[in-house]
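Visitor: Could you build all of it, start to finish, from the sequences and the hints given here?
Here are the chains, one letter per residue:
Number of protein chains: 4
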Amino acid sequence: MNITLEQAEAVIAAAKLKATEIDTKMDICVVDAGSNLVAFARMDGAWIGSIDISFKKAKTAAWFTMDTATLTPLVKPDAPLFNIEHSNGGLITFPGGVIIKNAEGTVIGAIGVSGSSVENDHIVAEAGAKVIA
Amino acid sequence: MNITLEQAEAVIAAAKLKATEIDTKMDICVVDAGSNLVAFARMDGAWIGSIDISFKKAKTAAWFTMDTATLTPLVKPDAPLFNIEHSNGGLITFPGGVIIKNAEGTVIGAIGVSGSSVENDHIVAEAGAKVIA
Amino acid sequence: MNITLEQAEAVIAAAKLKATEIDTKMDICVVDAGSNLVAFARMDGAWIGSIDISFKKAKTAAWFTMDTATLTPLVKPDAPLFNIEHSNGGLITFPGGVIIKNAEGTVIGAIGVSGSSVENDHIVAEAGAKVIA
Amino acid sequence: MNITLEQAEAVIAAAKLKATEIDTKMDICVVDAGSNLVAFARMDGAWIGSIDISFKKAKTAAWFTMDTATLTPLVKPDAPLFNIEHSNGGLITFPGGVIIKNAEGTVIGAIGVSGSSVENDHIVAEAGAKVIA
Chain A
1 MNITLEQAEA VIAAAKLKAT EIDTKMDICV VDAGSNLVAF ARMDGAWIGS IDISFKKAKT
61 AAWFTMDTAT LTPLVKPDAP LFNIEHSNGG LITFPGGVII KNAEGTVIGA IGVSGSSVEN
121 DHIVAEAGAK VIA
Chain B
1 MNITLEQAEA VIAAAKLKAT EIDTKMDICV VDAGSNLVAF ARMDGAWIGS IDISFKKAKT
61 AAWFTMDTAT LTPLVKPDAP LFNIEHSNGG LITFPGGVII KNAEGTVIGA IGVSGSSVEN
121 DHIVAEAGAK VIA
Chain C
1 MNITLEQAEA VIAAAKLKAT EIDTKMDICV VDAGSNLVAF ARMDGAWIGS IDISFKKAKT
61 AAWFTMDTAT LTPLVKPDAP LFNIEHSNGG LITFPGGVII KNAEGTVIGA IGVSGSSVEN
121 DHIVAEAGAK VIA
Chain D
1 MNITLEQAEA VIAAAKLKAT EIDTKMDICV VDAGSNLVAF ARMDGAWIGS IDISFKKAKT
61 AAWFTMDTAT LTPLVKPDAP LFNIEHSNGG LITFPGGVII KNAEGTVIGA IGVSGSSVEN
121 DHIVAEAGAK VIA
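Residue numbers (UniProt numbering), protein chains in the order written: chain A, 1 to 133; chain B, 1 to 133; chain C, 1 to 133; chain D, 1 to 133.
I should point out that these hints are in silico values taken from the structure, not numbers from a laboratory. Values in this document were obtained by computation on a predicted structure and should not be read as measured data. Take the hints with a grain of salt, since some may be wrong.
Said to hold, decoys possible - Label pairs and their calculated CB-CB ranges:
| hint | chain 1 | residue 1 | chain 2 | residue 2 | range |
| --- | --- | --- | --- | --- | --- |
| 1 | A | P73 | B | I22 | 32 to 38 Å |
| 2 | C | L17 | B | V131 | 28 to 34 Å |
| 3 | D | G105 | C | A133 | 45 to 51 Å |
| 4 | B | T106 | D | E6 | 36 to 42 Å |
| 5 | D | N88 | A | T70 | 38 to 44 Å |
| 6 | A | A133 | D | T72 | 55 to 61 Å |
| 7 | C | D78 | D | E21 | 54 to 60 Å |
| 8 | D | S117 | A | T20 | 44 to 50 Å |
| 9 | B | T4 | C | D78 | 36 to 42 Å |
| 10 | A | K76 | D | N88 | 37 to 43 Å |
| 11 | D | M1 | B | T106 | 42 to 48 Å |
| 12 | A | A13 | D | S117 | 45 to 51 Å |
To be verified - Here are the computed lysine-lysine pairs in the DSS-like style, where the Cα-Cα straight-line distance is at most 25 Å:
| hint | chain 1 | residue 1 | chain 2 | residue 2 |
| --- | --- | --- | --- | --- |
| 13 | C | K16 | C | K130 |
| 14 | A | K130 | A | K16 |
| 15 | D | K130 | D | K16 |
| 16 | D | K25 | B | K101 |
| 17 | D | K16 | C | K16 |
| 18 | D | K76 | B | K76 |
| 19 | A | K16 | B | K16 |
| 20 | A | K25 | C | K101 |
| 21 | C | K76 | A | K76 |
Note that the Cβ used here is the ideal one computed from N, Cα and C, for glycine as well.
Guide: Set out below in structure tokens:
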């Protein structure tokens, strides 16, 4: 089961709405359960450097079927997964990557958001992910 | 002058329409004049391998401000730009990358399409690019 | 709005002057607002390893429209952007990358300087950036 | 013996002059005998995609102490060095990379030019290289 383009576009639309509501400019990426890109949007004026970060947040979430925020405490210098970011051509392990589940609870993809504080990035990613299911 | 997200989404919508009309499934990428990604869509069932090809077609067009179809004859074994594809982390030099100009004729971005024959890819890219200007 | 070559050469000339004044040898890179290279100079005897660092400092500043010194505290192990350097093919997040604004305050590019202490790198980058606007 | 920054800047100035004289816009790169970057300039409006090509032309010339035009016939499908471009992270083997010798005939660096036809690229590179020696 993979997210469809129509679903991914609904996720991005909801994320853009939330981003505008909290006065931010975001790069928003949606991947399927296989971590392959489905849809992307860079809001006008959003950072160029956040294109790749939004990709890596979405892929990291899809690769481990968990939000990147769940990984954050596990990658600190004293934690077990310290420097896991060196794998897979580069992970991003701070908040902003959120898994997308369907109504049955199956992971069908992930959204990655970058462009503001990690708190805002996570809020916008959550707003996108929750339009599914 | 760079393409806006609203413009890029209109380009992708027109490209999707044409792709459906000619019964193909496409990966469609839009970059700005600086070759940075603005929007992307992978139609359901479109090849995963075409994600990166659509990126490289759009970027190649933006990098050289010309359609990739213009480069095609120039990169043959006996032509002057043979093996130019080894630059820039990989070019794609067959049809499917088309520059996007605004009403004043300024290049504001490019579209890259991949997923069918190169003729179809080019037709869909053209359909997307022409909604601007 | 992107920096011109003439402006970029003025930025590099000012940076070289400051580098000589404080008795350092620097690699100096100028990119445009889209993070594409405009001009570069390696002073005689400056580190070869600083070529790429000057590139990445300039690009990091352009990608996030902020000085790399602003990022420095945000990427420490306990800070929110820890290990962001794994994105974009490698960021440099210590001082020495400075954004360049025109008279209207628009970011038109960035300068990256590497070759001495990060304090000196930042001083030389600032000296370059301030000849514009 | 390596080219100095002052010499490299003279090479670039001469190349820019010739580029303007023949009505082209060029990316111009100068490396030292060790193939490490010394100076670079992108003329206003020159292709973004030619930044990397100018780098690879200069480096290819420095790596093999010969003009890239000398390599061109050797890399054709029936020639002995077919597909040598896969080495060194990517070679460019068509004209526009020219070695720079000092008065004693020692190779002290190379210039790479990209932005027009390969004939024009070579002419501009030659104009740059010949200001030395």
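Visitor: Hint by hint, note whether the structure agrees.
Guide: Hint check results:
Between P73/A and I22/B, the C-beta spacing of about 50 Å breaks the proposed range 32 to 38 Å. For the pair L17/C and V131/B, the beta carbons lie near 50 Å from each other, so the given range of 28 to 34 Å is not met. Checked against the hint of 45 to 51 Å, the pair G105/D and A133/C passes, with Cβ atoms roughly 47 Å apart. Between T106/B and E6/D the Cβ separation comes to about 38 Å, which falls inside the hinted range of 36 to 42 Å.
A beta carbon spacing of about 41 Å between N88/D and T70/A agrees with the range 38 to 44 Å that was offered as a hint. Our hint of 55 to 61 Å for A133/A and T72/D holds, since their Cβ atoms are close to 59 Å apart. Range check, D78/C to E21/D: Cβ separation about 58 Å, and the 54 to 60 Å hint holds. In this structure the hint that S117/D and T20/A lie 44 to 50 Å apart at CB holds, the actual value being about 47 Å.
The hinted window of 36 to 42 Å between T4/B and D78/C holds, with their beta carbons roughly 38 Å apart. At about 38 Å, the CB distance of K76/A to N88/D agrees with the hint of 37 to 43 Å. Checked against the hint of 42 to 48 Å, the C-beta distance between M1/D and T106/B comes to roughly 46 Å, which is consistent with it. For A13/A and S117/D, the Cβ-Cβ distance of about 46 Å falls inside the hinted range of 45 to 51 Å, so the restraint holds.
The suggested pairing of K16/C with K130/C holds, with an alpha-carbon distance near 13 Å, which does not exceed 25 Å. Using a Cα cut-off of 25 Å, the hinted pair K130/A and K16/A holds, with the two alpha carbons roughly 13 Å apart. Taking the CA atoms of K130/D and K16/D, the gap is about 13 Å. The hint holds against a cut of 25 Å. A threshold of 25 Å between alpha carbons decides the hint, and for K25/D with K101/B the separation of about 20 Å falls inside it, so the pair holds.
Annotation: proposed proximity of K16/D to K16/C holds, straight-line Cα distance about 21 Å (limit 25 Å). About 10 Å separates the Cα atoms of K76/D and K76/B, which keeps this hinted pair within 25 Å; it holds. Straight-line distance between C-alpha atoms of K16/A and K16/B comes to about 21 Å, which keeps the hinted pair within the 25 Å bound. Between K25/A and K101/C the alpha-carbon distance is near 20 Å, which keeps this suggested pair within the 25 Å criterion.
Straight-line distance between C-alpha atoms of K76/C and K76/A comes to about 10 Å, which keeps the hinted pair within the 25 Å bound.
Checked against the numbered hints above, the structure breaks hints 1 and 2 and satisfies the rest.
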